[in-house]
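Chain by chain, the residues run as shown.
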Amino acid sequence: MFMIVEVFRYDPDAGKEPYYERYTVHVPALPITVKELLETIAKNYDPSISFFQHSCCNHATCKRCYVKVGGKAVLACNTLVESKDQIRIDPVSHDNVVKDLVVKDL
Amino acid sequence: MGQRVNEEIPLKTDLLVIGGSGAASNAAVAAAKSGVDVLLVSKGKVGKSGNAIISTSTLSIDGETAYQLGEKKADRSLTKNALFQTIVKASFYLSEQCLVQDFVEDCGKRVHEFLSLARAMGKRVRFLAPSGWITANTTVGAVIREQIRRYPNIKIIEDAMVIDLIRSGDRVNGALALDLYNGKFHVIHAKAVIIASGGFQPYSFKCTSSDSTGDGMAMALRAGAELADMEFQLFLPGVALSPPHLKGSIYPFVWFAARLAQPAINTSSGKSVLESADKNIVSLGKNAKLWKLINLYYWTKEMECEGRPGSEEFYFDFSSVKRLSYLKSLLKMNLLLKMLYKGKWRFGGENIRPFHDMIKQGKPWQVGISSEYCMGGILVDEHMKTTLEGLYACGEAASGLYGAFRVESGLSEMLVQGYRAGAEASKYAKESQESKLDSAYLDKIKEQVSELVKDNLHSGRSSYNVYKLWDELRYVADTGLGLVRNESDSGSALSRVRHIGEEKISGLRVSDRSRHYNSELLNLLQLKNVCLCLQASLMCSMARKESRGTHLRSDHVRVYNADFLHRHVISFKGSSLSLRKRSPDLRFMEPSREVYKNIEEYLKKEFF
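As you go down the protein sequences, you meet chains A and B in turn.
The numbers in the first sequence follow the numbering used here, run straight up by one, and end at 106.
The numbers in the second sequence follow the numbering used here, run straight up by one, and end at 608.
Hints in this document: simulated from the structure, not taken from any laboratory.
It cannot be assumed that every hint is accurate.
[As the list claims (entries may be wrong)] Computed footprint of chain A on chain B, listed as stretches where at least three residues anywhere in the stretch have a Cβ under 8 Å from a Cβ of chain A: (1) 254-260; (2) 340-354; (3) 510-516.
[As the list claims (entries may be wrong)] List of simulated lysine-lysine pairs, DSS-like, C-alpha gap at most 25 Å: (4) A:K84 / B:K247; (5) B:K344 / B:K332; (6) B:K72 / B:K247; (7) B:K279 / A:K63; (8) B:K344 / A:K72; (9) B:K279 / B:K605; (10) A:K104 / B:K597; (11) B:K45 / A:K68; (12) B:K504 / A:K16; (13) A:K72 / B:K247; (14) B:K155 / B:K436.
Each residue gets a CB set at the ideal place from its N, CA and C atoms; glycine is no exception.
Bound conformation, chain B alone (with noise of 0.2 Å):
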């Protein structure tokens, strides 16, 4: 088949808002009320796409507003500045604490909204102890796009990929996006843009969607934005192994974390995970929202090997559990899914009756530790504007809020975060006059592309196939950015990424020349941003000399306030990547300056 065009649409907007998930919808709805037009594009459908709508699809704020908003149960102690300090002590002090701040001032007005509007609708909303709420994930996705329908000023495109952003001179205004089912080019002009398209993970074993490739990321680090604390992946222990229909639910930890009646949790080798630790640590994740961290912590101890998302077989083990207690428990967890999803043995879209039927058999279920988000992504300072001109981000693809460790509910960042993108973007929009696309670099963007569709000159590298390369990425990903890493590791693993972006990505062009839903080159697109995403990560990763909430080394298990209380910055210089330190915002709160022998000596002192 002879040269493909790809046809053109040029489409003209204030605000260009990228993503589908409730950040994009939530920073449309802000700048809609303000009277701009917003053009959303989304890589899928607007609110069936992203990880809002497979998360545990929980809420929470502070008990006080809880409590206001008339949840007698709500734990009043749980008081803002309450919020405010657990949430920078998580994130050991690599927050920027202006963010925090402003996230626990709006916090409770957007899940307010959020949940106001999927009540008004007859959705099912139950208040869950001590200042959240729990609802369907379907009702998540059902209210984001209620949310977009009630303004006529949002217009959306979906099932388009943003390749990538257009720069013209120092401002960001507009972008260039491909139809995935017809193979036309959108070519937007705006005058700002907000990335709210979700977040990165690169790893083997995730129990998130297939949009998570860093394509926001990417777009701004191409663009000549900077991302932050790469280094920090949040990994989610107990995540179903099996059944094999089943793998990757997070089932399991749901039940786990729902403090139901509580199996063992053991190695394959039949060792409690929990034998060796600190008591009083464990009964802080029962308190205090750490629970993940810290049973990310022990099971990695008792690993046997360094760590990669899934390799390692747990087990939640039911055989000394009353069966009174149990059942009591199926019961009580059944009646919640039952008003949730208004049908028997329903979590999500799946049937998790073979997992109680795995119970009856006297079988435990066996669980992982999976990829699950990014605490890393776009610098964005406290108006969610990135340090580019016209550049906005939030959500899971900016970074700041949390630091080294997301304590607090990642949708309610979401609702916050993108509410206030929208409303800084668009006041911007509104005071700054339109600018000139500039053609030759949308030309260049263009014909990269294009490029990939070609005939391929380079008949030596067009032997690899982008679905192989993918495999040999996510391996990277596991063995140089795993739950526990070291020097030699991530060296190697840095080396081999630029390797394999540098002699094998570059030169690869996809055999199939269709412009119609080209699934190679779907891919390929994508591959390219985990590949940039990830040589980010590991450079960050390697600089960090020492443990910080899920960034664990084995090879340097102090928590090094010392030398290392500054995030990690990477920016293109020229053509290669760089990395700068970064003091956080420390203005409501100082650290110390101590150095903790390890992550448990961390908790304890800064959590009691």
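So that you can see chain A by itself, here it is in the shape it has in the complex (with noise of 0.2 Å):
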């Protein structure tokens, strides 16, 4: 099944004003985790989404992916996907993003 996805972009060495960026997913089956989303649109997609990846304990005990869903803030690595109605995908919070769904500090 297919499933459009927003997801906020935004790099500040591109010189670009922040923008969402809609991708129509082929997901074969839910739920599915929002990181496992992520890493499908990144896998099969576009490579230069950036989100949390880099130190995750997966089990939402480290608490640092953190990403907004449909505006609620939720971990992405324990947050299902249940329905194929389009989401949004947002930073946590867009004061402090360092590139695309990632923030500082978190």
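With the hints in hand, could you dock these two chains into one complex?
Shown next, in the form of structure tokens:
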């Protein structure tokens, strides 16, 4: 099945204003975690998206992979995407974005 | 976009410690106590990275010392000598016995210090018979952070990945790190370096953190140090495959290992995995901390196909457990978890209620076997010194304590070895003269990183995507270095991983040119490390034509002490990896040179 995912994009090196990129993502089955969804986008559509990846406990313990899904702050590693309805993924705060979905000091 | 430039920050210290978990914090503390300046560089945040914060958070020592520390329920028959023997026998005699001796001597002191600090911080710790303690994984992380905070001569840089060591002549005297958030290079000049950066789990199903990409092992190997025992990967039976958001949770294993109401363990066709098992051996698992190895052995015997971690489903079936017995166990578990995590149904960061809802609905827990820890790592001597001057290693990044199977706590190992490495390396740093950084060596490393983000000149090769290559490497690890191995699959995997390294990864350039949190670059740097460690592991696995510990061969099931009582050691010879054999230190306990017909017979003869 396909689902539409909008991802917040911002790269301070690119000299562009932030924007949302829209991906039509093929997902073999639901539910999957938000992290798995982002990995699917990076693998099959756009390897340039950045999301917290470098020191993930994957078990909701380090609490560093927060993003906002539909405006609500969630941990990407253990939050499920259960329906194929369009979703929007934002950084957990827009004030200190390092790049795309990664914010400083989490 | 044009050529990107990485700003450079030069840094100088007596001792550089690489890592952000307990081995690194203990190394830093031991060194700081001796008065040297320490710089700790961690890929993640200190105390929030590595595997210590997602383990069972148990720390064990010998029973005698636990009793002396005031635990009246400690089993005093588990003397230091008994602990020594258990580790050596469970290592299948590949432990370096000098390292085991040091571990047995130091573990009580180090664990006591760690837990005393936890208690002083108001954290909860509970004794766990026969000779250990359990705490919350959040406590482990908090204590690690607090340890470091207490010493002003420890400076830390977090969220920076050390890319390579700097070797000047025959000595390691620095490293190059990349700040992941802003793309700046830290050029670190040190008198000595300790690698405490954790393990290597290359598989698709693991219960460990994303940090376990063998970074420290790979950089040590590239600098000229040696790796050993890389064929020995520890797998954990009983890790959740479902519900989907709890996949990889070790809670089912913890329930089982806590000796609570015991479910039947069945295969997907309903057969009990322990049906044909030797009952004496199974009972040994209850007493001798060999549960993982014994279950791993019997579970894999029942697998339909030769084992990729996580590919085979098993079931913890509670249908024959009496309701009262289950409820009593649930109460016991909930009281423990509530004491540790102060919240209902909490296990670490996870809400484990869905597991118990499944039991209410009459559904079994679906579990698999996941990758957990690597016994292999950097070759060190009893001073935690590698074969390269100025370079030390400890914890999961090092090898030699647990040989073919880790029977004791990984957390105790990290505390003991971290502290020892810190003490030894600081002694060396104090006694040695400062040596000049080899600028040509440094430039070469910088150039290699800069190349990865340059426009791709080899257009044919740029079609590979770093994330797809991750999948390829995981598949190679699953099939060639899986739960049960054979010559043909491991051989194909070795050819495959060499091909991936030479033809795909070496020419790969990232499409993202950003200096700021470049996920693609991070993954490519890690991928290179995994690829190198995987080659080393497969070479060791191919050379070990027998079964030993967690290295199970379907084509060589015997434990062949006559020919294989040695460690496999990997190093670079020119541009290729080369394997040599090394006899472990057997100064206290000599093994029999017997040939055992399988792992089961080895356990029976050694442990009864």
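Against the structure, the hints:
{"no.": "1", "hint": "254-260", "verdict": "violated (count 0)"}
{"no.": "2", "hint": "340-354", "verdict": "holds (count 3)"}
{"no.": "3", "hint": "510-516", "verdict": "holds (count 7)"}
{"no.": "4", "hint": "A:K84 / B:K247", "verdict": "holds, 21 Å"}
{"no.": "5", "hint": "B:K344 / B:K332", "verdict": "holds, 13 Å"}
{"no.": "6", "hint": "B:K72 / B:K247", "verdict": "violated, 38 Å"}
{"no.": "7", "hint": "B:K279 / A:K63", "verdict": "violated, 43 Å"}
{"no.": "8", "hint": "B:K344 / A:K72", "verdict": "holds, 23 Å"}
{"no.": "9", "hint": "B:K279 / B:K605", "verdict": "holds, 14 Å"}
{"no.": "10", "hint": "A:K104 / B:K597", "verdict": "violated, 56 Å"}
{"no.": "11", "hint": "B:K45 / A:K68", "verdict": "holds, 22 Å"}
{"no.": "12", "hint": "B:K504 / A:K16", "verdict": "violated, 32 Å"}
{"no.": "13", "hint": "A:K72 / B:K247", "verdict": "holds, 23 Å"}
{"no.": "14", "hint": "B:K155 / B:K436", "verdict": "holds, 22 Å"}
In this structure, the hints that do not hold are numbers 1, 6, 7, 10 and 12, in rising order.
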